[in-house]
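Novice: Sequence:
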Amino acid sequence: MEAGDGGTIEGYAARMARAAAPGLPLIISHEALFKKKAALLALVRAALDQGADASALAYVRRQSDYLRSVYGQWLFREPNRIAETATILRGHDIDPMLFTGVERHLMAIALGHHDVGRDAGGFTRFDWSDSMSAMAQELGALEVPLTVAALPSRDAERPLLVDFATRIGLASDAAPTDDAVVNAAFDPAIVEAVSNAIERGFDMPGRHEANRFLAVGDATVQAIPLPDAAFLTWLGDCIDTRFEARNLAFAKDFGIDPAYFKPRGIRNPEDLAERIRQETALRRAVPAAERLAHIQGRADAMQRAWQHFQAGRKA
0 MEAGDGGTIE
10 GYAARMARAA
20 APGLPLIISH
30 EALFKKKAAL
40 LALVRAALDQ
50 GADASALAYV
60 RRQSDYLRSV
70 YGQWLFREPN
80 RIAETATILR
90 GHDIDPMLFT
100 GVERHLMAIA
110 LGHHDVGRDA
120 GGFTRFDWSD
130 SMSAMAQELG
140 ALEVPLTVAA
150 LPSRDAERPL
160 LVDFATRIGL
170 ASDAAPTDDA
180 VVNAAFDPAI
190 VEAVSNAIER
200 GFDMPGRHEA
210 NRFLAVGDAT
220 VQAIPLPDAA
230 FLTWLGDCID
240 TRFEARNLAF
250 AKDFGIDPAY
260 FKPRGIRNPE
270 DLAERIRQET
280 ALRRAVPAAE
290 RLAHIQGRAD
300 AMQRAWQHFQ
310 AGRKA
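Heads up, the sequence shown is in numbering that gives the first Met the number 0, so the first residue is 0 and it goes up one at a time.
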């Protein structure tokens with residue numbers, strides 16, 4: 000649909016017509032819809048052509064949370080993306096081997112390489128004041144309202160599915176509560192181990208592959224310590240501070256509580272180079288043999304776990 004394939008659009012329009020029921024909303028939901036503007040607009044036009052009232056609802060989150068989520072779901076297992084980010088850091092005279100994959104990811108973005116933040120489909124518009132405002136304008140031209148809401152945390156009083164049901168006019172008790180509908184968040188040690196293994200040339204699960212295996216984890220991998228999270232937190236705060244002014248204006252325009260976007264810690268982006276220098280010195284103070292043993296240990300353990308899992312599938 001994004002490419003304008005008429006046959007695909009007609010097929011979806013026919014499915015929408017068959018699924019429609021009097022007095023009930025027809026929900027079309029996909030995490031890529033607001034990244035695929037042409038596809039979304041095609042679906043909206045199809046609904047309008049069928050005489051339906053249409054509206055759109057999008058959820059957003061802090062940029063640092065979004066970027067970490069994209070990395071932890073997809074990019075940690077993309078060899079080309081791992082190599083790309085490492086190359087960028089070397090261009091800044093930063094040794095990528097001193098840092099975890101997610102630290103490298105946020106560091107490169109904080110240094111101004113926003114393209115590193117593109118998701119697996121190539122979407123890079125994570126400045127919501129830009130992307131959502133543009134979407135509101137396009138939908139507004141069709142007289143279709145757009146609501147933008149802050150993504151509730153998993154422990155929120157009104158969790159995502161209940162919030163969604165409430166916003167579209169369904170009774171909150173109609174929302175499913177089964178944990179199975181929640182995307183699995185992979186353990187940070189597993190994410191780092193897969194990245195380490197890829198850099199060591201080992202075969203690892205690719206995009207959309209073996210998510211259950213990754214979600215289960217591996218005790219040996221998870222027993223190997225990762226660096227203290229303080230630097231990763233600082234990088235996230237730095238990114239959120241960069242976006243704070245635009246986020247506040249965006250929140251005001253869309254009726255979102257501005258406190259949601261407030262950085263967890265205010266950081267001066269001009270301190271980034273010095274903060275990286277300090278962290279580099281701290282990491283280098285750890286004997287190289289110890290650092291490399293952790294990296295190799297994670298990679299080896301992850302390779303063994305993956306080979307064992309594959310053997311079990313073939314048995």
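Any given hint could turn out to be false.
To be verified - Computed cross-link-like contacts, SDA-like style, restricted to lysine to any residue with a CA-CA straight-line distance of at most 25 angstroms:
{"#": "1", "residue 1": "K36", "residue 2": "R157"}
{"#": "2", "residue 1": "K35", "residue 2": "L150"}
{"#": "3", "residue 1": "K261", "residue 2": "R157"}
Said to hold, decoys possible - Have a look at the derived ranges for each label pair, beta carbon to beta carbon:
{"#": "4", "residue 1": "H91", "residue 2": "R166", "range": "37 to 45 angstroms"}
{"#": "5", "residue 1": "A222", "residue 2": "D48", "range": "37 to 45 angstroms"}
{"#": "6", "residue 1": "G6", "residue 2": "G264", "range": "30 to 38 angstroms"}
FYI, nobody ran anything at the bench for these hints, they're computed from the structure. Using N, Cα and C, we set each Cβ at its ideal position, and we do this for glycine too.
Novice: Against each hint, give a clear statement of whether it holds in the structure.
Specialist: Hint check:
{"no.": "1", "hint": "K36 / R157", "result": "28 angstroms, violated"}
{"no.": "2", "hint": "K35 / L150", "result": "19 angstroms, holds"}
{"no.": "3", "hint": "K261 / R157", "result": "20 angstroms, holds"}
{"no.": "4", "hint": "H91 / R166: 37 to 45 angstroms", "result": "43 angstroms, holds"}
{"no.": "5", "hint": "A222 / D48: 37 to 45 angstroms", "result": "58 angstroms, violated"}
{"no.": "6", "hint": "G6 / G264: 30 to 38 angstroms", "result": "51 angstroms, violated"}
The structure does not agree with the numbered hints 1, 5 and 6 stated previously, though it agrees with the rest.
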